[in-house]
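Chain by chain, the residues:
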Amino acid sequence: MKERFASGFDPFVLPFLLGMIFVLGYCAYGIVRILLQLPRKDRRRFLLSLITPHIILKNVWDIFCNCLLHVKLWKRNKMLGFMHSSIAFGWFMLILLGHIEVMAYCPDRIRFFYYPIFFNYFVAENESTIGGAVLFFLMDFFLLMILTGIVLAVVKRVRSRIFGMRRTTRLSLMDNIGLYSLWAIFPLRLLAESFTAHISGGSFLTIPANWVFRQFLGNDLNMLPTWWAYSIALGVFMCVLPFTRYMHIPAEMMLIPMRNAGLRIRHPRKGFARIEVLSCPGCGVCIDACPMSVKKANIKDCTVYLNRQIRRGNEKRIEEISDKCLLCGKCEAVCQVGVEGPLLRMEQRAMRKYGLSQDFSGLDVSLLAPAASGAKVLYFSGCMTRLTPSIGKSVTSVLHKAGVGFRWMDEEGGLCCGRPLQTAGRYEQAAQLIRKNEELILGSGADTLVLSCPICYKIFSQDYKLPGVRVVNYATYFSELIASGRLNPVKSDICYVYHDPCESGRGCGYYDEPRKLLGAIAGIAEAPMSRSESVCCGGSLGSLTLEFAQREAMTRKSLENLYASRADAVATACPLCLATFSRYSERPVRDLSEILDLALKSEKASDRTVRG
Amino acid sequence: MPDFGFSLSKSSSVSLDSLDLGLYGELERLEPGVKTCMACGSCSAACTASVWSGMSVRKLILNLQRGKDVEKMLGSCMLCGKCSMVCPRGINTRHLILSLCRIYKKQ
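Residue numbers (the numbering used here), protein chains in the order written: chain H, 21 to 632; chain P, 649 to 755.
Because the hints were derived from the structure by calculation, they are not lab data.
Please read these numbers as outputs of a predicted model, since none were measured by experiment.
Incorrect hints may appear among the rest.
Stated by the list, open to error - These stretches of chain P come out as covered by chain H in the derived footprint (C-beta under 8 Å, 3 or more residues):
(1) 723-729
(2) 741-751
Said to hold, decoys possible - So the derived list for chain P, only partly shown, Cβ under 10 Å to chain H, looks like this:
(3) S692
(4) T696
(5) A697
(6) V699
(7) N711
(8) V734
Every residue gets a Cβ at the ideal spot worked out from N, C-alpha and C, and that includes glycine.
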């Protein structure tokens, strides 16, 4: 290899150079700004994590797997995974190999930013070596890999259904500029390298292309325009990058170390939240996932659009989107980069100023205290159960049948668990209720608290401090009673499909226990979308503005998913799901406790016949 | 006045001319649904807070329409939202209370 130009410079590198300097400067400024926005403690924690060896290893590994190989995306959708990893990994390899080439053949030029990118223009091949051939082969191979990815990307733009995406994001103008310049970069690179391949050498892609071009463009003057075009495409892409969804490329590399350091959202716009918002690639996976999107009018309220509006600073829309969401958490469960859509919205709600704030700190709860008795088990049905009293009735019936001495803490009414206040962003008020409930429970002398409502279960298991008291969901508790032989249900031959309530499922990762219980007392079928992909029933308390009349379509969609399992009936473990489904379901809907109670009743009946 | 062991109860008549309906007017603007309330009381029956505080959305709306003080009732709402689930008129009472808390000015 020998250099073609003593100066090692040509004006065509300028667009690329400008774009590169701009984007690096912008990112450096952004990082400093976000670091300054972090609370002092978080900043310390983050900076310390950057010098902790095992976190460094985890960071490198996560960035390699997620940013370059897109492992998560592969698991979700192979076509999309291939498309993204071929572009990201291929591009990374082109840059890396470019640097290796420069290091190998003209190490003194490595200080020029542009040399590895435009290497083929600046050098001439004067000898054929095996090393050079391998390098050139690899360069062409990865270029081909990227081009395959680009072809897939173009196909996806035209027909997203081929990729299994029903809907994809509507791009903004800037996103379109970014998209088209990104698409242009690699074909132009192929063109540029092909035009110089007879001088600088090439491999299986560039050399044949060079033969073809030389048939009718046998003039070396054609070279320069293609290199200019390649450089301009790169320059344009990098100049618009901060204002497009492609900002997720640098932002995700920042998000991963921050998440590994254990940071969390503390402000809806600043610091960690900002990084999350910038990391949103705008892929639109959350659109199909969102239960609200069954209605076209709600599509613009999905997390991908929330992120876009936050980036634009459109306060009115941010408020609307934040209030409408059901907080079911599915967008977060399917998100490839892990944007916490529900949390962003809750923080946004928590920012509001109120003229009057509830104050429960002075509340006298002595009247609500559970009756003094020796029973060590407390049952808290939660206030939602007041709308579906059958749950409370069957839970207590089951407990009686098992011979468990218990007290029903809120039989005559009680306090709310505080979760609805949390979802409304009223953290302080929620904390006051939590303290009051803690006082009641600890004062009762119980050692087990059984909960039948997933909304209560989430907050009790995550935010309550109840030393010496075991907080247990009724599904787990009943399974234990069955295992210890205190309950002997007769397995029913009705086949149920279990609907995961959002709060216990995605909220607490509580998936297996309810299935275990259901499997022990009845037949069980699985819906196509279940566990973390379960579809919200539409009754969620998370939404502040969505009226109940507007939720029918969501409930029907969720039921459709459950019916697809061909089960005879629907089982759920949430008073809200039960109430919402019962309104529209054509098949019976029952709570786990009701099913168990039925299974116990039949046992009693059979006992009687045996005895009789 | 001498103490007879009993007294006259305060007049409960409402003078619509002398009332300050500013808060209700503002609420009506923000939550037009409130106009459809027919005071059926489903919300009061479903209310968790009513047991220990006398909270009732029905009463709250009536009091607002009569220019009466609602601070105590408003201050005991735990936002559980059952009132909006049972409302036969489909009024989003939970959001109504949040809006009211936002525009409420303490005397």
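Check your understanding: Which earlier hints can't be squared with this structure?
Key -> When the structure is compared with the hints, numbers 3, 7 turn out to be violated.
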